[in-house]
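Asks: Since the structure of chain X is already known, use the hints to place chain G on it.
There are 2 protein chains.
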Amino acid sequence: MSPWHAAQIGDAVESIDTPALILDLDAFERNLKRMADALSEKGVRLRAHAKSHKCPEIAKRQIALGAVGICCQKVSEAAVFVEAGIQDVLVTNQVVSPSKVAKLLALAQRARIGVLVDHPQQVTLLREQSQKAQVALDVYVEVNVGANRCGASPGEDTLKLAREIVSSPPLRFAGLHCYHGGAQHMRLPEERLQAIAQATRTAQEMRDALLAEGIPCERITGAGTGTFLHERDSGVFNEVQAGSYVFMDRDYRDNHPGPDDLMFEHALFVRTTVMSQPTADRAIVDAGLKASSVDSGMPVVWQRPDLKFLKASDEHGVLQVSPSTKLQLGDALLLVPGHCDPTVNLYDELVCVRNGHVEAIWPISARGALL
Amino acid sequence: MSPWHAAQIGDAVESIDTPALILDLDAFERNLKRMADALSEKGVRLRAHAKSHKCPEIAKRQIALGAVGICCQKVSEAAVFVEAGIQDVLVTNQVVSPSKVAKLLALAQRARIGVLVDHPQQVTLLREQSQKAQVALDVYVEVNVGANRCGASPGEDTLKLAREIVSSPPLRFAGLHCYHGGAQHMRLPEERLQAIAQATRTAQEMRDALLAEGIPCERITGAGTGTFLHERDSGVFNEVQAGSYVFMDRDYRDNHPGPDDLMFEHALFVRTTVMSQPTADRAIVDAGLKASSVDSGMPVVWQRPDLKFLKASDEHGVLQVSPSTKLQLGDALLLVPGHCDPTVNLYDELVCVRNGHVEAIWPISARGALL
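As they're listed, the protein sequences go chains X and G. Mapped onto numbering that gives the first Met the number 0, the consecutive letters of the first sequence carry residue numbers 0 to 370. Mapped onto numbering that gives the first Met the number 0, the consecutive letters of the second sequence carry residue numbers 0 to 370.
A couple of the hints might just be wrong.
Mimicking BS3-like on lysine-lysine, the simulated pairs with C-alpha atoms at most 25 angstroms apart in a straight line are [claimed, not checked]: (1) G:K59 / G:K32; (2) G:K325 / X:K159; (3) X:K102 / X:K131; (4) G:K310 / G:K325; (5) G:K59 / G:K41; (6) X:K325 / X:K307; (7) G:K310 / X:K310; (8) X:K325 / G:K159; (9) G:K102 / G:K131.
Since the hints were derived computationally from the structure, they do not count as laboratory data.
Here chain X stands alone, though its shape is the one from the complex:
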């Protein structure tokens, strides 16, 4: 990591070293409030996904506004949040190695911990180790509701897994994980609507089939920032796992081309500096793909339609400059990352700004927690 910080608390925004990851606290707090309100008014729980922010300070604020807990994708990520005091963590992934299950069970002695399964072998592993350790775990069956990534097939495969969990104390059958990752990034609203309608039907069928066997299915959890209003209003999902809504990114913004239907604001930016302008129409900034992940396309330059971020190499960003624009070396710009999650994962801290000054610096404590 850098031997010095990009900023100190109290610094003027203009003096922040670059590239730095900036959180606009006003926009961020409005995003938190909007999501909390949108779900509480319909009686749907928020279990915020912490893979997006990896930051305990943010998780605590989500919980303070009513979130029941968080999701993580990795056991080591969950460990960071439990250590920071978060008491309810669902690892929205399969865990298949005995050593990693042991780490998960150690966490379950300190907090409420959940995990997913989509294969009987995972249930066996969890049961054996949880029985030996005498530690309970919430276990959800991940159902493939259309994303074709992980997830048991809807039907007998799903029902069988639920039965196995029910008969494997101290494992607790906690419900169905019905996340449709692919739907989050479908460009057209109708596509997203239809995908979640199908996911809802599948979830409902599985829930009803379990009930018919006398297995209550307390929780149907899923959804992300791109589709959560559909899950919220489905009458079937009763928990939402959105994460990116705290920041918003260029890719999610592209799903809302109109000005009226955007519920969340850009709150996350990469502050960057113009370090070279070799020609009138080309400028180079000090933020490349190690500063703003390009897996979902290039960042955009915030509120500067005269500047287009053309391409990124490791440590350089190439901007196309409009003829009427005069840039100076040293000018600072803000980029809206193409994809917030992997961009946050490149930084050790969030520089939190308000009213032109640095109000706080929050460690991204689970950055790089891959295990």
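Replies: Positioned in the frame of chain X, the structure of chain G alone reads:
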């Protein structure tokens, strides 16, 4: 970061937690030796690019085999290496903020430090601060030799900058930086050859023009893993800045489709685990785009033509599985990253293996050194 390590020294390879970044020490050492030999036999210096590995242990081994020093892309990256004892660092970038120049000059009091310019304003800034601090700096003019990123135009712009540096002690005019980044990833050998032939002509013209004015141009530095044999044999370049050769990645390998002309071996891998196999033809591994950067395309599964890495989401990799292949949950696989530099930047340490065991664990000390 993860609260635990992926492995301990002495562990069997099979017990390494995943995802983990693996260095095959035998292949790595052969790569180091091949580059050192290839350059020393022609009397061309190696100034290894440390942006690829960000690891002082590797820099020390490169220098032990004859490298004159290293390149870095960021002042904070250079600071990590100077702190680790590296005595000669060229920051292959422009530095335009007074606070960052001050950091650079502080390093120049402890080691030989170089930096690039492509605009007179940068020379002025460096001169004013180096005079005030009474610290010398090597300053190179970056020339645009075809990459159209940073770099002064060949001709009067370049010559003028060199003159300004010469007349600005304690700045030292150290030479011309003529790196053609775009050429490194051209797929066809003829394209690379032609691009570097043009870069060489440009570099030679600038050197000769400076000499005609009585300004000796000690160093013509540039080249990367994709083209360095051309620069080596140019008779004009006398220093090579290759970095990726220590690891090799899928993208560089794609430039060498034949079996005979590959000088370097894959030494860097992401170890990953099969955590789900929902259908016979689809398996999910625990390494997504936060474990192997996809900016240059997907990784490949090492020595497994029966498995194709189709796509990556944040923490999942989706494999297409051949009909004849039987995978088990928990199976470990090795991925060859699409692009080594940003992949290394995702990890805190390199797990170094030889003969089936973990021989060393090297901190990636400059990981995330963005400033």
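Asks: Could you check the structure against the hints above and give me the numbers of any it violates, in ascending order?
Replies: none
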